[in-house]
Amino acid sequence: MKKLLKSRWFIALIVLLVVAACAILSLLPGSPVKKILKPVQLVSSPAQSVVKRAGDTLSDFWSAITDGIAIRKENEALKAQIADLRYQLTQNEEAALRYEELKDALHIKDMFSNYDIYGASILSRESDEWFSTIRLNAGTTDGIVLEEGNSYPVLDVEMNLVGRVIETSDTESRVLPLLHEGFAVAGKVNVVNGATFMVIGDAELKRHGLCLVKDIDPDVHLEPGMEIVTSGDGGLFPEGIPIGVIESVDYSNSLNVTATLKPYSQIGRLEDVFIMIPYVEAAPDGSDAGQGT
Amino acid sequence: MRLINENTRSRVRKVVVYAVYIILLSSLQVSFPEAFGFLGQTADLMFVFVVLAGYFYGFWDGAVVGFISGLVRDVFSPPAVVGLDGEVRVTAFMGVFTLFTVGIIGASFFTRRMHRNIPFSIVAVIFATVCYKTAGYLLIYGWSNLAGAESSLYMPLTFLVYSFLPQLLLNVIAAIPLIFLLKFLGPVSFRNKSRDDEVIAKQGEGTWLGI
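So the protein lines, in turn, are chains Y and B.
According to the working numbering, the stretch in the first sequence is residues 1 to 293, in order.
According to the working numbering, the stretch in the second sequence is residues 294 to 504, in order.
It is worth saying that the hints were derived from the structure and are not from the lab.
Be aware that a few hints might be false.
To be verified - With the Cβ distance kept under 8 Å, some of the chain Y side facing chain B (calculated, not the full set):
#: 1; residue: Ala23
#: 2; residue: Ala47
#: 3; residue: Gln48
#: 4; residue: Glu129
Claimed, not checked - So these bits of chain B aren't anywhere near chain Y, every CB distance computed over 10 Å:
#: 5; residue: Arg405
#: 6; residue: Pro412
#: 7; residue: Phe420
#: 8; residue: Gly435
#: 9; residue: Leu453
#: 10; residue: Lys476
#: 11; residue: Ser482
Even for Gly, the Cβ is constructed at its ideal location relative to N, Cα and C.
All chains, full assembly: derive it from the sequences and hints.
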């Protein structure tokens, strides 16, 4: 028995069994097992930030050298564009005033007016095809409080869908990216009363940077180039967030029409994102009235 | 008179060197994955490092480095799994499970017969990658069927061409600089003329239990 207890294979087997048990337990809602990783996070996160900053600085320095000529040309083009935009701005200011007047008169609501927008930076990306969640530097202390079964949309700077927050800790959040096999969102063609369907991540399409569109009504005519936005069905995502454009449509099986979608957001190039959180309006009696939609 | 003896110094060196490499490699991998990517796959620096640490410096080095690298991986980029209820959840300890096992595989792959020679370490990396990708695929295949998540499934041929082979190639390429780092700037001084097996027998295997 003593010999067995001292055997390295026996020790390794026990460790593996304990780790496997912890991995299974971590899948349970509200599992405290993940708290074991907190000390590791406290040590490794600042160290990773230092390495990332150093890498970014080096990359910026290299870009500054190599992109000098291109930047000069771009600067000239931008100056011309600024002049053009200034003219448009003066035109739009007047239009905006009129819109505000009409908005009040017609009780129009802004699409995302019931959402608070929180900015966050991407700390780390996937380490391989299976370890593929994204880490953001905003957590519960920043107001990103996530309840079990809930989720928040994550958008890029152009307000295109990037993914959704699936877990938060004190200082960090984890995002399930749009291309992940577990991702699903109800989408629709970006026209009035556009057809609705499901946009999901797919293992095979992921390597091409595409999503799968399924549950398409056979009578609906989809075409490559059509813009797809969130439909608002299901309640997790508000209506109207741009997802991407249809890349191809497969009508070969009329009972199972599918399409591929090219997302607008390029996760590999993103540095900063926004988290949309529906804000809770306080009811007149002081209790929460529920989440806005 | 020396303040710390030879054995303590080698232990401190081992801990410091491994800590620096684990943090540096894991940070590089998750901060700039596109720099190590090809055909949608990313060179798994942590994975290769763990295999090589086990191969060159023994069972306990592989196990301990694998365990700690796994913890870091679980913090930086844990996998999200579709549960049986259809909800997607972030799991913990899958990184520990994977890298701990891989460290042991690296340490047990003909290390004594081949005297931990440098060329054969590439074969150890290939073998560990084959084990990882095959086991991962079978696990995902089984789990996806169980959870009814069809979109998680690769066809075997697609998996071979677009996942397995690029990952194998990238890991082998990543192994070359890591071998040199471990041998010449590693946990054991390269001035130490003892053979690797002798170094492990002298201070490698028992060091971690001593700490």
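Hints, one by one, checked against the model:
{"no.": "1", "hint": "Ala23", "verdict": "4 Å, holds"}
{"no.": "2", "hint": "Ala47", "verdict": "5 Å, holds"}
{"no.": "3", "hint": "Gln48", "verdict": "4 Å, holds"}
{"no.": "4", "hint": "Glu129", "verdict": "6 Å, holds"}
{"no.": "5", "hint": "Arg405", "verdict": "14 Å, holds"}
{"no.": "6", "hint": "Pro412", "verdict": "25 Å, holds"}
{"no.": "7", "hint": "Phe420", "verdict": "18 Å, holds"}
{"no.": "8", "hint": "Gly435", "verdict": "14 Å, holds"}
{"no.": "9", "hint": "Leu453", "verdict": "13 Å, holds"}
{"no.": "10", "hint": "Lys476", "verdict": "23 Å, holds"}
{"no.": "11", "hint": "Ser482", "verdict": "25 Å, holds"}
Figure legend: structure checked against the earlier numbered hints; every hint is met.
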